[in-house]
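**Student:** Protein sequences, first through last, are from chains A and B.
Numbering-wise (the working numbering), the first sequence opens with residue 1 and increments by one.
Numbering-wise (the working numbering), the second sequence opens with residue 1 and increments by one.
Treat each hint with caution, since some may be false.
[Unchecked claim] Derived SDA-like pairs: lysine to any residue, alpha-carbon spacing no greater than 20 Å straight-line: (1) B:K155 to A:E67; (2) B:K155 to A:V64; (3) B:K133 to A:P53; (4) B:K192 to A:K11; (5) B:K155 to A:I65; (6) B:K212 to A:E66; (7) B:K192 to A:E66; (8) A:K11 to B:P77.
[To be verified] Pulled from the structure, derived: some chain A residues nowhere near chain B, Cβ distances all over 12 Å: (9) Q9; (10) C12; (11) V28; (12) V30; (13) N32; (14) I37; (15) V51.
If you are wondering where the hints come from, they were derived from the structure by calculation, not from laboratory data.
Every residue gets a Cβ at the ideal spot worked out from N, C-alpha and C, and that includes glycine.
So the chains spell out like this:
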Amino acid sequence: MVEMPVVDQEKCNGCGLCINVCHCNALVLVNNVITVIETEECEWCTQCEAVCPTGAISCPFEIVIEEH
Amino acid sequence: MAVQVEFLESIPYFSGLSLDALDSVRELIFERTSERDELIVLEGESAEALYFVISGAVKMFKTSVEGKEQILSIVRPGESFNDISVFDGGPNPASVQAMGPAVLYGIRRNDLEVILRDHPQVALNVIQVLSQKMRHLMSLVEDLSFRHVTGRIAKILLGHAGNGTGPQPRLTQQEMAAMAGTVREVVGRSLKALEEEGAIRLDRHRIVITDKKALKNMVEAYS
Ligand code: SF4
Ligand code: SF4
Numbered sequence: 001m002v003e004m005p006v007v008d009q010e011k012c013n014g015c016g017l018c019i020n021v022c023h024c025n026a027l028v029l030v031n032n033v034i035t036v037i038e039t040e041e042c043e044w045c046t047q048c049e050a051v052c053p054t055g056a057i058s059c060p061f062e063i064v065i066e067e068h
Numbered sequence: 001m002a003v004q005v006e007f008l009e010s011i012p013y014f015s016g017l018s019l020d021a022l023d024s025v026r027e028l029i030f031e032r033t034s035e036r037d038e039l040i041v042l043e044g045e046s047a048e049a050l051y052f053v054i055s056g057a058v059k060m061f062k063t064s065v066e067g068k069e070q071i072l073s074i075v076r077p078g079e080s081f082n083d084i085s086v087f088d089g090g091p092n093p094a095s096v097q098a099m100g101p102a103v104l105y106g107i108r109r110n111d112l113e114v115i116l117r118d119h120p121q122v123a124l125n126v127i128q129v130l131s132q133k134m135r136h137l138m139s140l141v142e143d144l145s146f147r148h149v150t151g152r153i154a155k156i157l158l159g160h161a162g163n164g165t166g167p168q169p170r171l172t173q174q175e176m177a178a179m180a181g182t183v184r185e186v187v188g189r190s191l192k193a194l195e196e197e198g199a200i201r202l203d204r205h206r207i208v209i210t211d212k213k214a215l216k217n218m219v220e221a222y223s
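Make a model of the complete structure from these sequences and hints.
**Tutor:** Structure follows, in structure tokens:
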């Protein structure tokens with residue numbers, strides 16, 4: 001399973017801006033809300049989160065400590 | 001595609017204008033399209049036109065002498081850019097780049113003067129738009145004393161780091177911004193700075209703390 005950006009479908013207004021800025025083909029509109037398709041090509045650039053006007057899509061980071 | 005009055009109606013610059021007025025404005029507007037990543041405006045060059053984003057989105061940013069990019073704002077459909085240099089006649093204060101394929105409407109400087117003279121309502125709208133931009137930039141200025149923010153981000157990362165077992169706590173850049181009392185634009189740069197210092201490594205959706213001690217030092221040094 002590939003971690004992907006998270007969508008709150010209630011908040012999505014279907015404007016499509018996230019699709020416009022995304023470099024891979026991870027985002028599609030289905031019935032006017034965003035659906036995320038799992039793909040390794042998503043580089044977690046977080047542009048979709050940055051551009052979303054409603055805060056519907058987010059790219060949460062897991063924070064881990066590397067033990068030596 | 002011909003310039004559409006329906007789009008003009010949705011632009012705050014032109015709110016409150018009659019259809020006739022919008023129609024006369026329309027004649028002074030030209031359309032321009034941009035490819036993904038295309039540089040539309042270059043910092044330091046003279047401004048030829050004011051632009052509105054019709055579809056897609058663009059980012060406004062400045063580049064430091066060391067080549068670091070600081071995003072100032074993201075401009076979405078209906079919003080404008082290049083206002084400052086078009087109104088004061090000075091060089092562009094920042095560069096603008098398309099984030100994806102974008103369609104823009106532009107108005108040349110002289111034509112803008114005609115519109116402002118013919119439709120005083122537009123001048124009132126412009127004041128409101130510029131005030132909102134000023135407010136955003138003010139909050140950014142506050143935080144570009146930036147080293148403080150980096151210290152706060154370092155603290156947040158240490159406070160939310162999981163031990164590698166069980167479900168990991170997860171944070172978006174938006175959430176980190178809210179916690180650090182800053183805007184998202186500054187968080188991206190702080191993370192890059194921490195990565196350059198060798199304190200963290202960005203590994204796709206993971207922020208790996210590679211040097212806990214360096215992070216701790218940063219918290220102490222900058223807070
Ligand atoms: S993080 Fe970047 S690559 Fe991944 S879905 Fe969002 S915009 Fe696309
Ligand atoms: S940018 Fe946000 S609101 Fe617009 S389609 Fe994407 S997730 Fe939905």
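**Student:** Hints first: check each against the structure and report whether it holds.
**Tutor:** Evaluated hints:
no. : hint            : result
1   : B:K155 to A:E67 : holds (18 Å)
2   : B:K155 to A:V64 : holds (14 Å)
3   : B:K133 to A:P53 : holds (16 Å)
4   : B:K192 to A:K11 : violated (29 Å)
5   : B:K155 to A:I65 : holds (13 Å)
6   : B:K212 to A:E66 : holds (9 Å)
7   : B:K192 to A:E66 : holds (18 Å)
8   : A:K11 to B:P77  : holds (18 Å)
9   : Q9              : holds (17 Å)
10  : C12             : holds (15 Å)
11  : V28             : holds (15 Å)
12  : V30             : holds (19 Å)
13  : N32             : holds (16 Å)
14  : I37             : holds (16 Å)
15  : V51             : violated (5 Å)
When held up to the earlier numbered hints, the structure conflicts with 4, 15 and fits the remainder.
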